[in-house]
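Protein chains: 2
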Amino acid sequence: MGMHLEECEEACFMAKGKVSDIIIGRLPIYLRELTYLAEEGREITSSQELGDRLGISSAQIRKDLSHFGEFGKQGTGYHIGFLSEKLREILKVDRVWDVVLVGAGYLGHALANYGGFIGKGFNIVAVFDNDPAKIGQPLGRLIVQDSKDLPKAIKEHGWKIAILAVPASAAQEVTDVLVESGIRAILNYAPVILNVPPGVRVQYIDPVIDLQHMTYYL
Amino acid sequence: MGMHLEECEEACFMAKGKVSDIIIGRLPIYLRELTYLAEEGREITSSQELGDRLGISSAQIRKDLSHFGEFGKQGTGYHIGFLSEKLREILKVDRVWDVVLVGAGYLGHALANYGGFIGKGFNIVAVFDNDPAKIGQPLGRLIVQDSKDLPKAIKEHGWKIAILAVPASAAQEVTDVLVESGIRAILNYAPVILNVPPGVRVQYIDPVIDLQHMTYYL
Chain A
66 MGMHLEECEE ACFMAKGKVS DIIIGRLPIY LRELTYLAEE GREITSSQEL
116 GDRLGISSAQ IRKDLSHFGE FGKQGTGYHI GFLSEKLREI LKVDRVWDVV
166 LVGAGYLGHA LANYGGFIGK GFNIVAVFDN DPAKIGQPLG RLIVQDSKDL
216 PKAIKEHGWK IAILAVPASA AQEVTDVLVE SGIRAILNYA PVILNVPPGV
266 RVQYIDPVID LQHMTYYL
Chain B
66 MGMHLEECEE ACFMAKGKVS DIIIGRLPIY LRELTYLAEE GREITSSQEL
116 GDRLGISSAQ IRKDLSHFGE FGKQGTGYHI GFLSEKLREI LKVDRVWDVV
166 LVGAGYLGHA LANYGGFIGK GFNIVAVFDN DPAKIGQPLG RLIVQDSKDL
216 PKAIKEHGWK IAILAVPASA AQEVTDVLVE SGIRAILNYA PVILNVPPGV
266 RVQYIDPVID LQHMTYYL
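Which chain is which? The protein sequence lines are A and B, in order.
Going by our numbering, the first residue of the first sequence is number 66, and it counts up by one from there.
Going by our numbering, the first residue of the second sequence is number 66, and it counts up by one from there.
Hints in this document: simulated from the structure, not taken from any laboratory.
One should not assume that every hint holds.
Given that identical chains are not distinguished, each listed pair holds provided it fits within a single copy or across any two copies.
To be verified - Here are the simulated SDA-like pairs of lysine to any residue, each with C-alpha atoms no more than 25 Å apart in a straight line:
id, residue 1, residue 2
1, K151, Y281
2, K220, L283
3, K157, L283
4, K157, P232
5, K83, S123
6, K225, L283
7, K128, I87
8, K138, V257
9, K151, I88
10, K225, S131
11, K151, Q202
12, K225, R249
Here the structure is a predicted model, which means the values were calculated and not measured.
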């Protein structure tokens with residue numbers, strides 16, 4: 066009675082001691098914006114400024130952050146360095162995660178050479194492909210390894226994160242191997258939905274979603 | 066008094082005759098899920114089922130859709146074909162948009178060969194690069210054109226949408242040319258924030274955001 070539906074859903078998550086995944090999904094966006102502000106030489110920001118830059122209400126930002134602690138003071142705002150550090154801890158990117166890349170085609174090459182991972186908590190440490198013409202070839206600073214060695218390598222190194230840059234037709238088959246070998250987070254570039262067991266997370270890079278978001282305004 | 070903050074923000078948008086961008090951003094995700102359901106041979110769905118599949122509350126989905134009309138009936142749910150058609154109209158992807166691709170490196174190659182655009186409202190019709198070694202070379206079914214011809218081509222064809230697959234160091238410079246020539250929507254793969262004038266939209270493909278979203282759970 067009188068409780069707004071989103072509040073209700075959140076109360077439900079809170080009762081279970083969990084924060085809704087939609088809120089978790091916003092934290093990396095806050096962290097990225099704080100990084101930009103820091104690069105501009107700024108030390109202090111406010112939920113108002115963050116909100117204006119991100120198109121999110123300041124109240125939403127304060128509420129999201131309040132799930133994790135007290136990061137700012139009324140009237141003085143947030144210390145950018147401190148809040149960034151806290152968000153990195155919460156998101157567990159206060160360390161560097163080894164990432165295995167599967168697929169050494171054009172996209173694999175682009176990802177292996179991508180400059181955006183530096184300092185963000187991720188390092189591509191190995192790349193695999195099943196194409197004999199690619200295996201053994203250099204890809205950036207790595208050498209393409211044979212996909213059949215994936216299970217052994219994942220188990221040996223304890224890798225938890227994979228980036229999937231294989232054709233759509235191969236994506237589910239590769240996913241099954243990854244999950245069976247111990248991968249728990251998959252970033253999927255193939256235009257196909259992956260079936261994974263509970264406890265394994267998948268995020269999709271789908272340019273169509275972003276393009277359709279923009280055509281609304283055209 | 067008694068009005069929830071998100072309701073307040075929405076009321077504000079409604080008063081201006083606008084729907085919040087966060088809601089617009091969810092519509093392509095609904096459309097994609099409806100497409101999957103249709104591919105499974107389904108004809109009817111519910112906000113409950115959509116919500117379960119997407120990790121969004123059913124109330125949120127009903128509320129989002131209610132901004133655009135009456136698409137379902139209490140108790141009988143949504144007709145997938147009808148709702149998909151309506152969402153395509155709202156998002157303006159009931160047509161096919163010509164898209165110009167800038168950058169013919171590894172990422173450009175991957176995008177030109179990407180199967181995920183088919184039937185989603187987008188068609189890459191031209192690709193440009195400033196590298197003499199690439200200009201004139203085939204890329205998928207296209208031939209790489211010289212970037213210096215971009216302004217003329219954009220104006221001539223009236224292209225409104227561009228995909229930016231150039232190095233971070235070149236992204237802003239290329240963006241300025243695109244915007245000046247008439248591009249109004251840019252999908253940017255470079256790890257850099259673009260400055261654009263009002264009326265031009267930019268969406269970012271940033272794998273770090275998705276990876277950090279998942280590490281929270283590891």
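Hints, verified against the model:
With identical chains, the CA atoms of K151 and Y281 are at most 25 Å apart between copies only, with a shortest distance of 12 Å across copies and 36 Å within one. Taking the shortest alpha-carbon separations for K220 and L283, only the inter-copy value of 16 Å comes in at or below 25 Å, while the best intra-copy value is 49 Å. Taking identical chains as interchangeable, the C-alpha atoms of K157 and L283 lie at most 25 Å apart only when they sit on different chains, with a minimum of 8 Å there against 38 Å within one chain. In the homo-oligomer, the alpha carbons of K157 and P232 never lie at most 25 Å apart, since the shortest distance is 30 Å inside one protomer and 28 Å across protomers.
Proximity of K83 and S123 under a CA criterion of 25 Å is satisfied in both settings, with 22 Å inside one chain copy and 19 Å between copies. Only between protomers do K225 and L283 lie at most 25 Å apart by alpha-carbon distance; the minimum there is 8 Å, versus 41 Å within a single protomer. For the homomeric pair K128 and I87, the shortest alpha-carbon distances inside one copy (13 Å) and between copies (17 Å) are both at most 25 Å. Taking identical chains as interchangeable, the C-alpha atoms of K138 and V257 are never at most 25 Å apart, the minima being 45 Å within one chain and 30 Å between chains.
In this homomeric assembly, K151 and I88 come within 25 Å of each other (Cα to Cα) only inside a single copy, at 15 Å, whereas the closest approach across copies is 29 Å. Taking the shortest alpha-carbon separations for K225 and S131, neither the intra-copy value of 29 Å nor the inter-copy value of 41 Å comes in at or below 25 Å. In the homo-oligomer, the alpha carbons of K151 and Q202 never lie at most 25 Å apart, since the shortest distance is 40 Å inside one protomer and 48 Å across protomers. Taking identical chains as interchangeable, the C-alpha atoms of K225 and R249 lie at most 25 Å apart only when both belong to the same chain, with a minimum of 5 Å there against 39 Å between chains.
Hint compliance for this structure: hints 4, 8, 10 and 11 are broken, all remaining hints hold.
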